[in-house]
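Protein sequences appear in the order of chains W and F.
Note that UniProt numbering gives residue 484 to position 484 of the first sequence, counting from 1, and the numbers run on in steps of one.
Note that UniProt numbering gives residue 42 to position 42 of the second sequence, counting from 1, and the numbers run on in steps of one.
In short, the hints are calculated from the structure, not lab data.
Computed from a predicted structure; not experimentally measured.
Quick list of in silico lysine to aspartate or glutamate cross-link-like pairs, EDC-like style, CA-CA up to 20 Å: (1) K335(F) / D325(F); (2) K81(W) / E110(W); (3) K105(W) / D209(F); (4) K95(W) / E241(F); (5) K283(W) / E324(W); (6) K245(F) / E99(W); (7) K81(W) / D208(F); (8) K245(F) / E284(F); (9) K96(F) / D325(F); (10) K96(F) / E50(F); (11) K70(W) / D189(F); (12) K132(W) / D172(W); (13) K328(F) / E100(F); (14) K95(W) / D208(F); (15) K137(W) / E203(F); (16) K95(W) / D177(W); (17) K81(W) / D128(W); (18) K81(W) / E203(F); (19) K105(W) / D208(F); (20) K70(W) / E149(F).
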Amino acid sequence: MATMAATLPPINGSAGSRKGQNVQHFMPSPPKGPPSGKKLKPLRKIPSTPDRDPFVKHDILRQQQPDLSKRQTASFRNTYKHNLCLDMLQEGYHKSFSELFALIKQQEEERLERGPESLMWTLIMLKDQHAKLDMLKVHLTRAEEAYRKGDFSEVYRNRYELARYFQSTKDDKWLADHFFTTCLQTSTEVQGDHGKMQAQGHYNVGVSLEENGDNYEAVDHFEAYYKLAVDHKEWITADDVTFHTDACFNLWRIYTAIGQVLERQEELEKALDFLTKALNMAKESHDKTLEGQASYTLGQTHEKCGDGKSALVHLNNFLDICNEFGNSEGIGKACDAISKAYASQGKLEESIEYLRKFVEVTEQSGEELAYSRACHNLGNILNSLGRYDEATDYFSKAYNISRTLSDKEAINTNRVQFGIAMAHRMMGGFHGHVVLEHRPALERMIEWKSARTDEFEKPFPEPKEEEPTKAPTPVPPAPVEAESTQEEAKPEEDNAQQRDGTMTEDTPTETGTMDS
Amino acid sequence: MTLNPLANPKGVKLACELCQKPAFIQCTKCRVTYYCGVEHQKADWMGIHEKICQSLIQLRQASPFLPSEEERQKRINHLNVKKRQMIDLTRTTGQKLLFEGRHEQAVPAAMQSLRFAIDVHGLASIELVPSYLILGEASIGLGRLSQAEEYLAQAQWTALKTPECSNAIKSKLYRNLGLLYAAKGQYDDSLRQHADDIYHASEDFGTDDIRTSGGYYHMANVFFRQGRMDIADTLYRQVAEIWYKHLLQIVKVRTATPDVPKGIGPVISEESLEEEDSLDEAQEAEAVQVLNAIYDMREHQSNRRAQDLAKVSHALAMLYFILMDITKAKEFGRKAVVASEGDSDDCLSRSVVEFMKILEAVK
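Please build the complete structure, drawing on both the sequences and the hints.
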């Protein structure tokens with residue numbers, strides 16, 4: 001046997017009949033032409049460079065270039081990704097290689113799936129972004145090195161680093177997500193820190209899921225984070241907040257987000273559930289502002305459900321907290337909401353009381369928008385109660401403010417409301433005059449028709465006439481009168497405009513009653 | 001049957017199948033193959049001739065007189081198909097012999113495949129590369145490095161000149177180059193080549209395929225020889241993992257057909273022969289070799305993890321089950337049970353126990 005192997009046949013021409021084909025060579029032939037020895041160069045040609053023999057030129061060029069090893073030629077021939085993978089594998093980092101390879105493949109497949117019309121088609125692929133590949137290589141290999149030694153916290157750090165890096169670059173959210181997820185997986189292996197890293201891992205994955213819009217999955221991770229953090233109050237984040245508080249804060253945010261989405265989808269029961277959870281979290285975080293906000297949202301939702309009592313409890317809680325902190329904006333919001341809650345329960349007096357507070361607060365804090373709204377709301381409610389004097393006052397305030405803010409929609413509504421209130425106020429006098437049925441009254445009415453000046457309140461010059469009912473009993477806007485009030489509103493409004501002297505727009509014909 | 005070269009018809013030179021020297025004996029079965037001596041005939045018979053003896057008759061007979069062009073063409077086509085089949089057969093045989101470590105016997109098979117490949121594809125074709133690779137590997141195994149280098153250089157040059165050369169071929173080429181450098185002791189170059197091998201294999205099959213695992217295995221061996229045990233360890237683990245998963249898959253497919261009322265038994269095994277997701281001969285040989293090597297290594301390792309040993313044992317048990325070697329399968333199954341006992345990984349020990357139950361049922 002041994003002798004047989006010693007006399008292995010030549011590679012080619014093993015069959016005798018094919019000897020003719022053996023002349024074929026596979027090695028590159030040496031360059032043809034004269035050898036480049038100095039003696040053979042024709043002397044006269046040396047000075048004129050362009051005339052030089054191309055082979056001489058080639059030789060010179062060749063001498064200038066360094067001799068390349070096999071590896072160098074290969075690296076020149078291969079793609080960047082190929083070389084990178086080879087470098088990793090050569091050092092034995094096969095896990096890093098598999099991971100990088102899988103990531104690149106995943107991107108390619110996704111791209112193919114989306115097709116050439118998609119936005120992704122035009123993005124630069126990961127395999128062509130050399131800086132990112134280098135970054136991946138460095139940290140992945142470090143992580144694998146640490147993994148071999150069993151130093152999982154180092155693995156975690158490296159993966160975290162990568163995740164942060166890809167968070168900072170554009171269009172690489174998927175990579176950041178991937179590394180956050182692997183961070184979490186790694187952190188379960190970390191011993192001796194009672195799960196601190198795991199908590200961080202859950203937090204990161206939760207945040208990235210939340211950014212992707214997967215709120216429900218994010219909740220799971222945040223809850224896990226919370227569970228880990230609850231037993232270790234001594235853990236502190238970089239911003240000097242305990243993990244526990246941070247977890248509460250995050251849970252509050254995500255619960256609120258989910259609750260609000262559900263509320264928009266009209267699934268109020270579930271929304272209430274989540275918002276209550278949010279409130280509990282806010283309470284647990286000992287952050288009063290959060291608690292206030294949570295109470296406010298919850299109160300609003302209760303209100304929407306028609307559960308006025310619970311709404312009031314939460315809203316009052318919010319008001320207390322705002323009072324405690326002197327948060328005038330919050331107080332305003334609270335008063336507004338509370339007054340609405342009372343109004344919907346039919347308790348108008350309480351409602352007015354809170355609205356007055358609202359007006360006061362906003363006036364002091366100088367928040368004009370809120371102030372205008374407050375005045376408007378208060379005017380509305382007073383108007384419906386028939387307290388026209390006050391109503392006109394507030395409407396005029398609201399109108400003026402919205403004019404200074406030049407908020408067109410608000411101007412128009414306030415203008416109409418102002419007019420209506422004015423008209424209501426005048427109704428009493430006008431009515432009295434109609435009832436009187438004597439000449440001066442009639443004259444005055446005619447005068448009013450032409451001049452549109454409100455003189456119904458003035459006493460008549462003739463003493464013989466008994467005074468018209470000076471303080472006219474407030475006539476609640478009965479449905480019969482509704483039409484007439486509206487008709488009257490228009491001229492009155494013109495009047496108001498004339499008084500203001502700036503209005504040029506045509507009066508809106510619709511009675512823009514602002515929603516409460 | 002003896003021949004005398006002097007008695008040959010004029011112009012006909014009968015040459016030995018293996019060494020091309022004048023032939024003195026003839027194969028009595030096919031009568032178209034000649035040898036210089038009994039030794040070469042025996043070697044050829046053991047290597048490949050046994051399998052291809054009868055097919056050679058058809059291929060080597062002088063073409064009969066065929067009057068029409070159509071018939072001549074038909075015969076040529078027919079022969080071509082036949083030759084292609086022979087290429088596949090001889091290559092697989094060669095590969096299998098290589099995995100079994102019988103490098104000497106692999107040489108005739110490889111030579112035969114090279115001959116057919118040249119016949120069908122011509123001299124400069126990429127199709128020749130696999131044959132060169134087998135020859136190269138056999139030469140490495142026999143310690144004839146310069147000859148191996150010659151073969152591999154030839155293969156590499158052909159691959160370079162053929163831009164559309166497939167990744168599978170490239171991967172094999174680099175694997176052999178890696179083996180060559182490793183045999184020469186140039187470990188860094190060897191690692192580079194193996195890295196290339198893994199890269200190309202991954203391009204085609206993915207990073208966790210059994211066809212990629214060979215690269216990992218050889219790389220692990222190089223690291224092992226360099227004394228970088230920690231790296232070698234992770235690579236061996238990776239290889240074991242890949243095979244474990246693959247075998248588990250096959251076993252699952254085979255055992256998960258309880259439609260037949262007779263239950264798990266020979267019926268299933270017969271059916272499973274037609275399963276597509278199976279191992280070919282070369283892969284079987286590779287699995288046996290690789291897994292046994294890893295098992296030996298693990299067994300002698302002092303600071304091994306119990307889980308590793310259990311996994312390899314389980315993989316081996318499944319492998320022998322697939323190869324229908326039930327006694328060996330049971331032996332390794334028991335070893336796996338013992339190894340996985342002290343381990344916390346419930347999943348693995350549970351699957352081992354389940355597998356043992358299947359084994360009991362097979363008997």
